[in-house]
Each structure stands twice: as structure tokens, then as C-alpha cells.
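Top to bottom, those sequences are chains A and G.
Per the UniProt record's numbering, the first sequence starts with residue 1, numbered consecutively.
Per the UniProt record's numbering, the second sequence starts with residue 1, numbered consecutively.
Think of the hints as simulated: they come from the structure by calculation, not from any bench.
Small disclaimer: the values here were computed from a predicted structure and weren't measured.
Warning: the hint list may mix true and false statements.
[Stated by the list, open to error] Here are the simulated DSSO-like pairs of lysine-lysine, each with C-alpha atoms no more than 27 angstroms apart in a straight line:
1. Lys231/G <-> Lys177/G
2. Lys177/G <-> Lys146/A
3. Lys295/G <-> Lys29/G
4. Lys39/G <-> Lys146/A
5. Lys204/G <-> Lys177/G
6. Lys39/G <-> Lys177/G
[What the hints assert, rightly or not] To give a feel for the contact side, a few chain A residues facing chain G, derived at Cβ under 8 angstroms:
7. Ala116
8. Pro120
9. Ser125
10. Val134
11. Gly138
12. Met139
13. Leu143
14. Asn147
15. Ser165
16. Glu168
17. Ala174
[Unchecked claim] According to the in silico footprint, chain A covers these stretches of chain G (three or more CB under 8 angstroms from chain A):
18. 78-86
19. 106-114
Just so it is clear, CB atoms sit at the ideal spot from N, CA and C, and this is done for glycine as well.
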Amino acid sequence: MDRRPLPIGRGDNLLRDLSVHADNIRRYALRMGEVQGQGYIGQALGIADVLAVAYCHALKLRPSEPEWEGRDRFLLSHGHYGIAFYAALIEAGIIPEKELETYGCDGSRLPMSGMASYTPGMEISGGSLGQGLVIAVGMALGLRQKNNPAFVYNSMSDGELDEGSTWEAAMSAAHHGLSNLIALVDVNRQQADGTSVNILGFEPLHEKFAAFGWFVQRVDGNDLSAVLAAFDAAREHAEPRPRVIIFDTKMGKGVPFLEEREKNHFIRVDADEWQKAIAVLDAKGAVQ
Amino acid sequence: MNVNVSTGKPRLTTSAMIASIAEAGQRTKAAPFGHALCKVAEERADIVGMTADLSKYTDLHIFAQAHPERFFQMGMAEQLLMGAAGGMAKEGFVPFATTYAVFASRRAYDFIHQVIAEEHLDVKIACALPGLTTGYGPSHQATEDIAIMRGIPGMTIVDPCDAHEIEQIVPAIAAHKGPVYMRLLRGQVPLVLDEYDYVFELGKAKLIRDGRDVLIVSSGLMTMRALEVAKAMAGGDADVAVLHVPTIKPLDERTIVREASRGGRLVVVAENHTVVGGLGEAVAGALLRAGQAPKFRQVALPDAFLAAGALPTLHDRYGISTTAMVASLKAWLA
Chain A
1 MDRRPLPIGR GDNLLRDLSV HADNIRRYAL RMGEVQGQGY IGQALGIADV
51 LAVAYCHALK LRPSEPEWEG RDRFLLSHGH YGIAFYAALI EAGIIPEKEL
101 ETYGCDGSRL PMSGMASYTP GMEISGGSLG QGLVIAVGMA LGLRQKNNPA
151 FVYNSMSDGE LDEGSTWEAA MSAAHHGLSN LIALVDVNRQ QADGTSVNIL
201 GFEPLHEKFA AFGWFVQRVD GNDLSAVLAA FDAAREHAEP RPRVIIFDTK
251 MGKGVPFLEE REKNHFIRVD ADEWQKAIAV LDAKGAVQ
Chain G
1 MNVNVSTGKP RLTTSAMIAS IAEAGQRTKA APFGHALCKV AEERADIVGM
51 TADLSKYTDL HIFAQAHPER FFQMGMAEQL LMGAAGGMAK EGFVPFATTY
101 AVFASRRAYD FIHQVIAEEH LDVKIACALP GLTTGYGPSH QATEDIAIMR
151 GIPGMTIVDP CDAHEIEQIV PAIAAHKGPV YMRLLRGQVP LVLDEYDYVF
201 ELGKAKLIRD GRDVLIVSSG LMTMRALEVA KAMAGGDADV AVLHVPTIKP
251 LDERTIVREA SRGGRLVVVA ENHTVVGGLG EAVAGALLRA GQAPKFRQVA
301 LPDAFLAAGA LPTLHDRYGI STTAMVASLK AWLA
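Please work from the sequences and hints to get the whole structure.
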């Protein structure tokens, strides 16, 4: 089965199952963070719901055949989100769970910043921020040229909105009417030097993308039903325009003591807190 | 003709966008890159053309007219051009992406480095106005493009001499797997090497003519100059050999070292590029690594921001015109 690779539920159960997938992604990310004693765990917890919907519902993919020609392409422009992305790949069955123990270690297929040649299912070498969307434009043009109906998803951070190339791509995608391109922007309002709004203001973001000619949705990125509806609407939208979903997310989501922690590009996590965080998720799962 | 009113002499003008390096009376061929690409594209459906608002000034408009469905106008956005060319290559196409050498090498460098080269993607970057081929000043003079591109692992760099070579290089780099940076001569491009029965081979330096006193190692349009220098000095000044090195990376070190260490000749590396990081330093490094230290000189542009003006004036001033080279060689041989 090409879409929905995992045995998840239908109808009423879909949201509940996606919630389980999202928390599994959080657990895997926390375990990887523990391996290195650090990592972009705040971002990973924040975007886990989006990745769960992407990898356990929206994307067409074959877990055993990551380079299948018919797959939807998912570009990780913000390479430092590798920790979250690998967790999603594990949850989708593309890489084995055991491999998370190698995260960031010598010889691992899971380097701290995502690179195409290292990891199955990793489409690009991101990390030089602002490059994913221009690559996505080229891939979307290429797919259209060969009549391949796959979508290109470009996952990016709000910090990447600072880069001029992002807006070159935004203008180009609309100019070429790339309806097979879906940009996913994680607005967690945190950049390396502080709060995004104080670094380089990008609001009003909905209006900006709309003015560039995109079909825009802005949703709470930690509200699974909203995320699910936005993905479905982005795919099904009829107009020949590129699509963007702006996700307002909360760093550390799902682990209250990390949600409340002072916000930084790197959230501080003490050595004993990785397991504590996993225990919080386990307790939540037990209640469900 | 544009004439200076006060002197009555032809006025030398700053030809920029319409630049042709051909001299009056020289045999030329029109838009060899565009026509060669069309020819390859007729045989290969995976070839596409992309540009950043410079199709007319890179001869890609010939391809755009012949294959409009395979031509992608990306606008004046070089980062997008290179990133999207990478994306297109990831989907199985072989893009020829064109702009000016300054914009590819300086503005889009990280996109070439990370998107294209790091994944060894099949993108051919063809750039007009390489080195000093416009009088517009530093904004358009790509005097350091080779130095910049040489730093990228796995990047193949070619610097063709004339139309005859461009016609052969285009199918060769289309067949080559991996990223290529090509210095492009456009418009009415001189025809020189056909007289020497020259055949281009990717990665190979070729001895175009032999000589006892001097070996000029050159690439691009400087090989044309070197051959003119050799003719000019043949009357008794010096017997000049010319080794043409159209592939700057990977460098044919074996042939270069063999020729440079033969017969105790003065070795002169001639390049349309700054003295920093181009063919001259590449050859010097190869010779030293091989334990060879012939008498060595460089004909190259100075490490400076160059002036604006008419191209012949600038080539004279910076020592890469035939006249200036003959003077340099005579001084070195004296």
C-alpha cells in the first residue's frame, strides 16, 4: 500500500492513532537526544505532530523502497531537525528503531544535520538554510515535466524566512503554477540569536505568502485535527498554485516541564531528564 | 563605426552585454554553445536549459527557440537557478544552467556547493563573461571564477578556446556524470583550433604546436593568444610551443609535467584569470609535487579590482593581449 504505510485506524480512530504516532516520534527523538546528551529536542517535540500526519497519513511512500519513483518527496530544508526527521523515518518503518542508538556517532547513517547521502529517505542535504525551497521548485518542475503526479513537500523553519532565496523560490513557484509543491513552515518563533520577531520580523506571514500567489493555511501545529485537515486541503486544493501550511508550534510540546523551560535554540535538558520526559509520554499513553 | 570627433579615429567602446572577443577580420562562428546544445538535445530527451534572465546573453536562446518545452526561465535569481537546477537533476534531467560567471561563482556559490556538488548532481553550469571579457568593471568581470570553482570537490572545470572546441565540449560534458563549470564564449566566437586538427578530450591537455625555447601552457581564449604569440615570435625571436589545457579540473598533470620538464624551456602559464588560484598556481603545484622546477612565469590578471573600459585597452594594460605577451616573453628571454 503506497499511502498510509502503517496499520493505523480509520475514521474516529485516525486522530487517536496519529496521536500515538506523534508520541512515538517524540520518544524516539528523546532517545536520540539522550545518546548525544544534547540536540534540537525542543524543535523535535514541537514538530512531531506535523511529522506524524506527514509520514503516517499524507505521504505516498514505500518504506522498503525509499527511492520509489512514485513517492512523494519530503525535503528537510532545516537539516538540524534531523533528530525529529529520523524519528519519523523510524515510525514510518524506513529505518530500524535500533539505529537511533547511533545518532550523531561516527559512522552513523543518522548525522546531526541531515544529508542525502547518509540516510535512506533523506531527499536533500539541508542545513545551509534557505535551500530547500529552491530545490523543491526544481523538483516540482521536474516532476511536472515527466508527468509524475507526486507532491514535493519542503519542510522548513521560520528562521529560513530570513533568507532571500526562500522568497526567490516563493515567487518562482507561483510564477510556474507549481500545484505539486507544498511548503511546511514550522513557526516556533525561536532562532539562534533569540525570538524570531526580534531577529527579522516576517509577519504577517499568511498575507505575505498570499501576496506571493500561494494557497495559504495557518494552523496550530500541535492540534492534530487541524494539521490533518490542512494536509488534506493542501493536497486537494484545485487551483494551480503552490501551497503552504504555516504551523504555529510549541517547542517542547508533549513534555510539560520542557514546554515551560526558558526558550532557546537549544533547550537545556539535564542528563536525567531524557528518561523523565519519556516517562511523561508513557504515562500519557497509559491513560489513553 | 563610432568615431572620435576630435581625432577622427575609431573610438574604442565598452562593449559589455553584446561582447564578442573576436577581432576584426577573424573567422568566427555564431552562438556555438546554443547550436551544440540543440544538437545534443535532439538525441537526448533528458537535456533541459535553465537561465537567470540571460538566455540571450549566453546563447541559450537558440535552445529555447528549438525546445521551448525544455527551457525554464528562472528569472534574475541565481540562487534559485542553481538550487532548482539541482532539483531538476534529482528528478533525472541534465540541466544546462546559464548566467554570467560573476553571478554563478560569487552570488550562487553556496547553492552550487551544497545543492549541486555535495550530491555530485548532473548539472552543467555554463557561464558567459569569464575572466576579463567585458569592460563593465568588477561587477561583471569574473576574474576569480576558476579559483572559486576549483575549491569545490568533484567539480569539473572547462575553459574552451574557441567555437570549434565549444562544439565538442558540449556533448562531452553532457555525457560526463557530475557537475561541470564551463566558461562560455558567446556571440560571434573565434574559430582557431580547427586549423590545427584539434580534438577535445575531457581531462586531457593537448600540445597544439611544439617549439624549442618556450612552452606556453594556456586555457580558454589565452590559447588563441598563445598561438598568435608563437606566430609573431617565429621570425627568430623564439620557438614557442603551446600546450592547451581546456580542462582545468581535473588537471592533466601528467602531460603538463612531461612537457614542462622537456628541453629546459621557459614555462609560461597564460590564463584569462587572476594570478590567484587559477591554472598558473595549479600548474606550479603540479610541477613542484613532481620535483620539477623549470624557469616559470605567469601571464595572468593582477590580484586587483580591474578598470572599466574598452576590452582591447584592458587586455593590453593587464598583459593578456598578444602584443603585451610578446613583450613579456622577450623580456623574460633576454
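Against the structure, the hints come out as follows:
no. : hint                  : verdict
1   : Lys231/G <-> Lys177/G : violated, 38 angstroms
2   : Lys177/G <-> Lys146/A : holds, 21 angstroms
3   : Lys295/G <-> Lys29/G  : violated, 37 angstroms
4   : Lys39/G <-> Lys146/A  : holds, 21 angstroms
5   : Lys204/G <-> Lys177/G : holds, 17 angstroms
6   : Lys39/G <-> Lys177/G  : holds, 19 angstroms
7   : Ala116                : holds, 6 angstroms
8   : Pro120                : violated, 15 angstroms
9   : Ser125                : holds, 5 angstroms
10  : Val134                : holds, 3 angstroms
11  : Gly138                : holds, 2 angstroms
12  : Met139                : holds, 4 angstroms
13  : Leu143                : holds, 6 angstroms
14  : Asn147                : violated, 12 angstroms
15  : Ser165                : holds, 4 angstroms
16  : Glu168                : holds, 4 angstroms
17  : Ala174                : violated, 11 angstroms
18  : 78-86                 : holds (count 7)
19  : 106-114               : holds (count 3)
When each numbered hint is compared with the structure, violations occur for hints 1, 3, 8, 14, 17.
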